[in-house]
Amino acid sequence: MARLNRVLIANRGEIAVRIIRTLRETGRTSIALFSEPDRTALHVLMADEAYAIGPGPSKDSYLNLERVIETAKRVRADAIHPGYGFFAENATFARACAAAGIVFIGPSPETIDALGDKLMARKAALAAGVPVVPGSPGPLETRDEVKAFAREIGYPLMLKAAAGGGGKGMRVVRSDAELDAAWDLTRGEALAAFGDARVFVERYIERPRHVEAQILADHTGRVAFLGERECSVQRRHQKLLEETPSPAFDAETRRAFGEAACRVAQQVGYLSAGTVEFILDEQRRFYFLEVNTRLQVEHPVTEMVTGLDLVAEQLRVAEGQELSFGDHPPEPRGWSMEARIIAEDPARNFMPSVGAIERVRFPQGPGVRNDSGVYRGYEVPVFYDSLLAKLVVWGSDREQARLRLVRALDEFVLEGPHHNIAFHAWLALHPEFAAGNLSTRFLEEHWKPGALKPGPEATSAALLAAALHERAERQRVQVGAARDDAGARSTWKWSGVERGGR
Amino acid sequence: MARLNRVLIANRGEIAVRIIRTLRETGRTSIALFSEPDRTALHVLMADEAYAIGPGPSKDSYLNLERVIETAKRVRADAIHPGYGFFAENATFARACAAAGIVFIGPSPETIDALGDKLMARKAALAAGVPVVPGSPGPLETRDEVKAFAREIGYPLMLKAAAGGGGKGMRVVRSDAELDAAWDLTRGEALAAFGDARVFVERYIERPRHVEAQILADHTGRVAFLGERECSVQRRHQKLLEETPSPAFDAETRRAFGEAACRVAQQVGYLSAGTVEFILDEQRRFYFLEVNTRLQVEHPVTEMVTGLDLVAEQLRVAEGQELSFGDHPPEPRGWSMEARIIAEDPARNFMPSVGAIERVRFPQGPGVRNDSGVYRGYEVPVFYDSLLAKLVVWGSDREQARLRLVRALDEFVLEGPHHNIAFHAWLALHPEFAAGNLSTRFLEEHWKPGALKPGPEATSAALLAAALHERAERQRVQVGAARDDAGARSTWKWSGVERGGR
Amino acid sequence: MRFWVTLEGRETEVTFHTEGDRLILETDGRRLEADFVPLPDGEVYSLLIEGRSHVVRVSPAAEGLEVELRGAVIPVEVKHPLERMLQQSGGGRAAARGETITAPMPGVVVAIRVKPGDAVSAGQAVVVVEAMKMQNELTVTHDGIVSEVLVGERAAVAAGQALVRLAPAPAGGEA
Amino acid sequence: MRFWVTLEGRETEVTFHTEGDRLILETDGRRLEADFVPLPDGEVYSLLIEGRSHVVRVSPAAEGLEVELRGAVIPVEVKHPLERMLQQSGGGRAAARGETITAPMPGVVVAIRVKPGDAVSAGQAVVVVEAMKMQNELTVTHDGIVSEVLVGERAAVAAGQALVRLAPAPAGGEA
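Chains as they are written, first to last, in the numbering used here: chain P, 1 to 502; chain L, 1001 to 1502; chain E, 2001 to 2175; chain G, 3001 to 3175.
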């Protein structure tokens, strides 16, 4: 197949930027799309070319299928990389690309269909002889059906949106009462997020670990296993920190795990990069969860230990070439962790936060990789998800990686929206985390909002800072007063009263 | 020996920052020193503790031996890391540390003495059976002595300051006439830089490569060779871009080279990290040049391919521990390059440049490491050298590393002082560089000041930018005119006349 | 100079002055000293407290100031003599009892859990707002009685828009 | 709007106007169009020229403007009708012929290679200034005659300080 010289990125933010980097390194033209509020987004500034595709809301721009395809044709794109989210796992979009004579960078529409439907995916796994978590044979329509099912296999249960993914539209219920509270909310979120309210149910495993396999497959039928990633530290089923290898794995577990992942991929004739997600119970048994038919947010940790560029491999496969390493994937080396830096306020129940990036200095030095879509002065739009940056570190072992993460977080200056940098520092320093004792309930068990309470030294510094602020403000007032007695002075007085009145 | 918990860094800028990072990752307290103009320098902001040591000029602060030692004692430092430059290769300082009961992180004063004197170093190399470049047995006092020597071994000759290093105080002369022109300048620089005007002379090898060996030695007598670095691309004997491995090396050359380097180190009972510099002629024969008894500016490329933290190894050795890898240094993996980002203007004969960093965005993403001492708003002081940052990249092979360097340079936003980012892009894209055909004469042979001439697309963009600037300026003027007719308008008119009068 | 600071719930009187680049501060018997220098880029200072290096950023927040330091945010309330007087006249305390729940960011109201007249207790969720693809439960910080519900479900709301008002709980009503 | 631009030695007349976020520019028959938007942080614009993305920064320089783009610096001279008139009256051209060698940065004069009355040719080094531990030879950009030497050896000089003045070379003396 011909070389893909002009590649359009149907995405935004850090992943669009990350894809641009590989396109540039491999001598290809990068073509960005942008919604109106994204005109000044980093991916637009960095791409070789950029084209407008509509208003802020995703459905009117990044999810406007006709507009995206029409633009790709107009600008003579050879291929489209969907990144993650948006059209990344959308078979209709993949088919529309094919119909337009544009290469979709990812697996075939048939594979996406087969794996996008959780129930079909479970069947594929079972057919491949890979264990799955016991669950409802299909979507359940009423709470009563769920309660009936609960009486069969018992609580706790997990409610999962049939069209869901990435942890969206999932909830745990531990009793009929909790079910009553969660049912409408879950279906509501499912409808809002995926336009499909169907929900099914499976057994919820207590203190599970979330471990996933990175795979790469080419058209020769070759499927390579590039090691596991442990993504157990989550909040509301959103991954917060990922690492590879998994502290729970030994060589034997890894071998069996890798084989199971490859069997599932072969079962569906997988192509390109994909992730087979499993959960691991406390007896270290793994159960198939789902396959993400896309590049994963956390793919960089795999790149850090293998030295591979997964986007470059996706491009090779899309061009009909074989994987760069043939039958011999590189031996993983060392340990890598990724902290997702998110615009949210840990002190206020992780409430999402917005606003302009007022000041930013990314950590640097040995073993540190940054992937981000923000820059100083950039306004974080409210329409898209709140991932500001991914801080990725490498160490020769888990301890060095962990301490390097702490160092890098300490060095990270990010001001404007609230963010979870201090939260990650708390996490990386937590003795249970340091010991590798992880589960998806880690926060439930260990996080307290008071955890970020500053120490006495920080408190003293804050006190001194407040004094310097007062000093500066009074100087401003005096200057103001000198210039204009009414104006400046009264502003100050009013702000005083206002604060006093609170 | 006891663990070194409080480590003082007798240095500044990027190397001080880099050392702080390892200290923090290994749970040690980092203690910075600062001259008056460095109060706001990044190493002061990042260190755990920071203490003033005097006015801007190095001799009054960073080179004020009494003050540095006195401060180290007062703040109860267990050890001092000298970084590179300043006291890094100063035996007197090393002895003063010992006398004060403070561990000097580096080799013994005796080793520094033995290797600091180029002539003694040559003797050591010869004793170890390592070839050296033919040169004058000792310093020469007059041009006539040099001319006499020239008649012996012939031009071209290299004039080298006896106390020199890092390429400072070196000049090539190709005739008696050139010698007459260069003699005083060289002695002048030698006196200014090292307080020692003595100059000696050796044969100048045409189109040599500069290749150096990174070694690490511990108190068991073990000396590890961590691969070579090629530093051939230089200007005025200043390294500009370094890489490892060397494109000139094959496995056999590397083996012989590593053995030679280790023999020199063993000959002098070397301890800690060091670099054995060689030149390689066009027949790939290597000649011993000198030993740098310090951490090298370009050490990160070695860290990128080995995964080691050389500062952490120095700390281990200083504590009397063995090297972390025992007798089995990690196999180097892939390729790494470092571009030195310097405040200078390639368009004006690389004239040093100063000023505030007005805007900076470091490159990010896969395979990119930044080491720098600057941040937005920081004023680059005139007292110290003009290295702003080191951009280090890793690739699975030389081609990926080179293209990644181009990508990263393209992504690098640095505004304020003039800098050589565009120069590095020219270099990395030069066909001879791409082919690995390097020598210390690379710039002499290939660089033309016109090389950075912008293309037609850039010219159009510049034209549009100028128009937008005019537009903005006129809007300001109109606003001004509306507010205050005399003031704003006349400023504009005057600036007009002023420009007109040029 | 003199003012009152509330830090981690404790209000203390603070006096301070500067000598060149030294800042000397006293608060309940404790004396703090630091070298300080303003840094470029916003209201940011480098402090050296007995040699210990800290970079602090001060920014106005909804309630007083926020001091940012090593990624952590420390809320600080600052009062001037004048303001303090006003508060001790009682206005401040009474006002502090009532509460208005506002939208922390632009979004859509997906659920309202209370109606006027309901008694609510501190920490209780009263409204759910969906933004950035997440549903966020907004909770009250004091006990109280719902006096007004200002929006309907499915309403699009702007950042800071008032959603629900609480009257002081009877228990706290002596003001 | 209309002005004259000197880019890479060529002076051309430029007219331009904007329509919303479109910039339309014409210069010797060529028509350039771009979408533009100012970015935060200095005078920086994002340009989309037929879809091609460029970020350009404009800053005033010793001589006119500097446009920075992908790490490269493009000097641009801009003249308004008024200035151009002034120049064509001749003053501009004459002034352009003479030359003053200034210190590019603070440093110490370590050598002076000329004396008043010497004839120098473009590219010739006249002064050596040491700064940042490097000795820098300052060269002249036009032929000329040294009219003044304003500093002595070993003198400490400030950035922009005039060191040597040249009179126009006889060859260029018709102004």
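Since the hints were made in silico from the structure, they are not lab data.
Note that this is a predicted model, so its numbers are computed, not measured.
Hints may be right or wrong, so weigh each one.
Now the in silico label distances, taken between C-beta atoms and shown as ranges [as the list claims (entries may be wrong)]:
no., chain 1, residue 1, chain 2, residue 2, range
1, P, Leu-126, L, Ala-1256, 37 to 43 Å
2, G, Glu-3033, P, Gly-455, 55 to 61 Å
3, P, Asp-117, L, Asp-1397, 39 to 45 Å
Beta carbons: idealized from backbone N, C-alpha and C, even for Gly.
task = Return holds or violated for the Cβ distance of P:Asp-117 and L:Asp-1397 against the range 39 to 45 Å.
result = holds, 41 Å
message = Range first: 55 to 61 Å. Now tell me if the beta carbons of G:Glu-3033 and P:Gly-455 are that far apart.
response = holds, 58 Å
request  = Evaluate the given range 37 to 43 Å for the C-beta pair formed by P:Leu-126 and L:Ala-1256.
outcome  = Once the Cβ atoms are compared, 60 Å apart, the range 37 to 43 Å for L:Ala-1256 and P:Leu-126 is violated.
When each numbered hint is compared with the structure, a violation occurs for hint 1 only.
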